[in-house]
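Chains as they are written, first to last, in our numbering: chain A, 232 to 389; chain B, 232 to 389; chain C, 232 to 389.
If you are wondering where the hints come from, they were derived from the structure by calculation, not from laboratory data. You may find that some hints are simply not true.
For chains that are exact copies, the list does not tell them apart, and a pair is met inside one copy or across any two.
To be verified - Below, simulated DMTMM-like cross-link-like pairs (lysine to aspartate or glutamate); rule was C-alpha separation at most 25 Å, straight line:
hint, residue 1, residue 2
1, K291, D343
2, K235, E266
3, K252, E326
4, K376, E341
5, K376, E263
Next come the chains, spelled out residue by residue.
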Amino acid sequence: MTNKYELRSGGTGRVMVARLKSGSDLLGALQEMVEDEGVEAGVILSGVGLLGEARLRNCKSLPEEFPITDENRTYLSFSRPLEVLSMSGNVYMAEGSPLVHAHVTLSYVEGDEIGVVGGHLIEECIVFGFAEVILMELDNIKMEKRFDEETRTLQLFV
Amino acid sequence: MTNKYELRSGGTGRVMVARLKSGSDLLGALQEMVEDEGVEAGVILSGVGLLGEARLRNCKSLPEEFPITDENRTYLSFSRPLEVLSMSGNVYMAEGSPLVHAHVTLSYVEGDEIGVVGGHLIEECIVFGFAEVILMELDNIKMEKRFDEETRTLQLFV
Amino acid sequence: MTNKYELRSGGTGRVMVARLKSGSDLLGALQEMVEDEGVEAGVILSGVGLLGEARLRNCKSLPEEFPITDENRTYLSFSRPLEVLSMSGNVYMAEGSPLVHAHVTLSYVEGDEIGVVGGHLIEECIVFGFAEVILMELDNIKMEKRFDEETRTLQLFV
């Protein structure tokens, strides 16, 4: 197999530490933050906190041909306390606007057992009490997504 | 919905790479480390390793009124090998001392299946063999928690 | 209990943002990347993406005496879509070559439920569509693993 990757290097920039307040939409607040702060390239270093409800997107099937569409995806909602165990992802530009792309891992309690779910972060993940997110801006690197012929979606470094 | 957040920006500082030795308490060793090194603001960039036993805190119910107390929490213990899949969190000051706030995701094997648990990192998570934790100090940012009227707990940037 | 750790401090270096293309072996591509780029010390800041198949290593039993060997481990394979929720780990030198040590958390869908698995990243985790990995080089720190008498394996800062 030939491993293939596209790579760009940059440097570290501002580190932004945010406390999201109770009732905020996790993705919505992050999206607002990168717009307010003018972040054009960034990486999520850390995310912890508690949610009162959540909604996650996952891929349930692989298409025979690209692109992946909503027919390949499942959207599931949770209405219970969920700890944010991890938040991974980045901030890139698409068509002139900064966008947050993040995946989360969440834990909950069922009787004497801990359950864990996760997926692509979408709207309707609502902070309960607080969440702390740390984002680092990247300098001297252009993280812009453009249309990629192979996957027929927007991708970095096309 | 109005998304609400409090944000402060700083810069990158020292990066500390630590190997925790077998038998160490994961949180206890990290706590000792930030005290020994005089870290006043930081972010956990990475944590991997193996535990021989673990204890985790999760939120099982949401209070009608803040604060969240131990009545809303479950403490569960595990006595088996558990891989540390992720460690997220930060280091802040409270009442003059540095404190580590971290969440972990852990995996274990049950027959031919992999189970995953997670939660707030508390004491009694004991390293087996080794764990590697990478922490970055943050410069020019004051991460101090103070009493927050809304959540009735200590919070960042009150 | 005496907590014990070995610690070295360094500074931040280049930040490398990579998009791994469809069909790539996740570990293989990262390994190729650190060799091509001459990374001698690094930390994985973020990893998100989608896999079409995966293989993970976990520890199923603790040996009475070190070292941990393959008798203590389980290797499990998955053939389905799996979202990469988190990737943690670092890059170090062993016997003159850079090596990637990473743990991953993965989610999948089963009917109306989300399952989560994870473990030590090994070969045969195959990217579907794309994966985005952000790695930061560390400056002024020598991350070399050498034989450790206590655990009878290669360890950092021996």
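State whether the alpha carbon distance between K235 and E266 is at most 25 Å within one copy, between copies, both, or neither. The answer is between: 14 Å across copies meets 25 Å, while 32 Å in one copy does not.
Tell me, please, which holds for K252 and E326 at an alpha-carbon limit of 25 Å: within, between, both or neither? between (30 Å within a copy, 22 Å between copies)
Have a look at K291 and D343 and pick one of within, between, both or neither, based on CA distance no larger than 25 Å. between (29 Å within a copy, 10 Å between copies)
Within, between, both or neither: how does the pair K376, E263 come out at a Cα-Cα threshold of 25 Å? Intra 19 Å, inter 24 Å, cutoff 25 Å: intra and inter.
Up to 25 Å between alpha-carbons, please classify K376 paired with E341: within, between, both or neither. The answer is neither: 40 Å in one copy and 31 Å across copies each exceed 25 Å.
Violated hint: 4 only; the structure is consistent with all others.
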